[in-house]
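Counting from 1, position 106 in the sequence shown corresponds to residue 106 in the working numbering; the numbering is continuous, with no gaps.
Don't read these hints as lab results, they were simulated from the structure.
Glycine included, each C-beta is placed from N, C-alpha and C at the ideal position.
Please note that the accuracy of each hint is not assured.
Taking lysine-lysine pairs in the BS3-like style, the calculated list, with each CA pair at most 30 Å apart, reads [unchecked claim]:
#, residue 1, residue 2
1, K265, K80
2, K14, K80
3, K80, K239
4, K187, K124
5, K157, K253
6, K2, K46
7, K42, K80
8, K187, K2
9, K239, K42
10, K253, K2
11, K46, K80
12, K265, K42
13, K124, K157
14, K257, K157
15, K46, K14
16, K149, K187
17, K253, K187
Label pairs and their computed distance ranges (CB to CB) [as the list claims (entries may be wrong)]:
#, residue 1, residue 2, range
18, E244, F26, 32 to 38 Å
19, D13, E62, 18 to 24 Å
20, D28, Q130, 32 to 38 Å
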Amino acid sequence: MKIIDAHCHIFPDKIAQKASDAIGDFYDIPMYSPAASLALLKSGAKIGTDLFMVSSAATIPEQVHSINDFISSQCRRHDKFFGLAAMHYQLPDIEEELDRAIALGLHGIKFHNDFQGYDIDEPKAIPMYQAIAARNLPILFHMGDNRHKHTTAAQLKNVMEQVPDLKVIAAHFGGYRAWEESFILPKSDNLRFDTSSTLWTIDYDLAHRIIDHFGIDKFFFGTDFPMWDPEEELERFDKLNLSEEEREMVFHKNFEKFFDLSPEKY
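Sequences and hints are given; from them, build the entire structure.
Next up, the structure:
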C-alpha cells in the first residue's frame, strides 16, 4: 500500500538541528530528528513512505522568497518531495510571489500562525487568501493549541465564510489539543484534515467521532516530521478502527484526489 506523508517540515542542513530544537522548545516536546531533507527520507523509508509533502512557515515576510527557493530546490533534488510555499500577509509582492511559487512547481501554501504571530482571520490577511483561492492553491494551516489563540477553529470558519472558494487542510485533526472545537468547522468539499501530532495523545473515541463527523474521505496521513518517529506514528494510526479500504484512502487516495495527483507520477 502506498503511503503519502502529508505533513513534513524541512530546513537547510546548516540550521536543521537548530530549527528542530526551536520547535521542540516551543511545544516542550523532544524532537525525533533534525529537520533535514536526508533525515526525512531516511526516517520515511522505515515505513515505506512514497511521497512527502514538505513545507516551512515564514515567521516574517522577509523569509518568504528564500523559503520558497529552498523548498522548490529540494523538490527538484528529491523526487519524493511534494512542496508547499511559504507566505505572509505583510509581504509587499504577494500576487507576484504566488505566481512565482506556481512557476517553481509548488502546490499550495503553508501557514503556522502561532509562529507567525497573527490570527488566521486577521482582516488584513483576507485579500491574501482571496489571491490564493483565485489560483486554486490549497492552504495547509497549523490548527489549534491550548496555549495560543491564533489558530482556532472559529477563526478558520470565519475565513472560509469570507473566502468560500478557498481550499484548506486543517492540520492535527482540526486543532492540536483543541480537538472538540473542530466540530464547528463546515462540512465542505474544500476542507480536509491530517492526522499529524494528534494520535499520540487524543482520546481515540474522540478521534473516531471527528472522522465520522467529517468523513473518512477528508483525512490525510501525516507525521509532522521532525516531531515524531514515523514507525510510532504508524503504530498509533493502526490503532484506529479502520478497514483496509479506509486506510488506503487516508494513506494516499484522498491526497491524490485532492491534489489531482496521478499515482503513476510518484
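> Are there hints from earlier that the structure breaks, and if so, what are their numbers?
Replying inline: As far as the earlier hints go, not one is violated by this structure.
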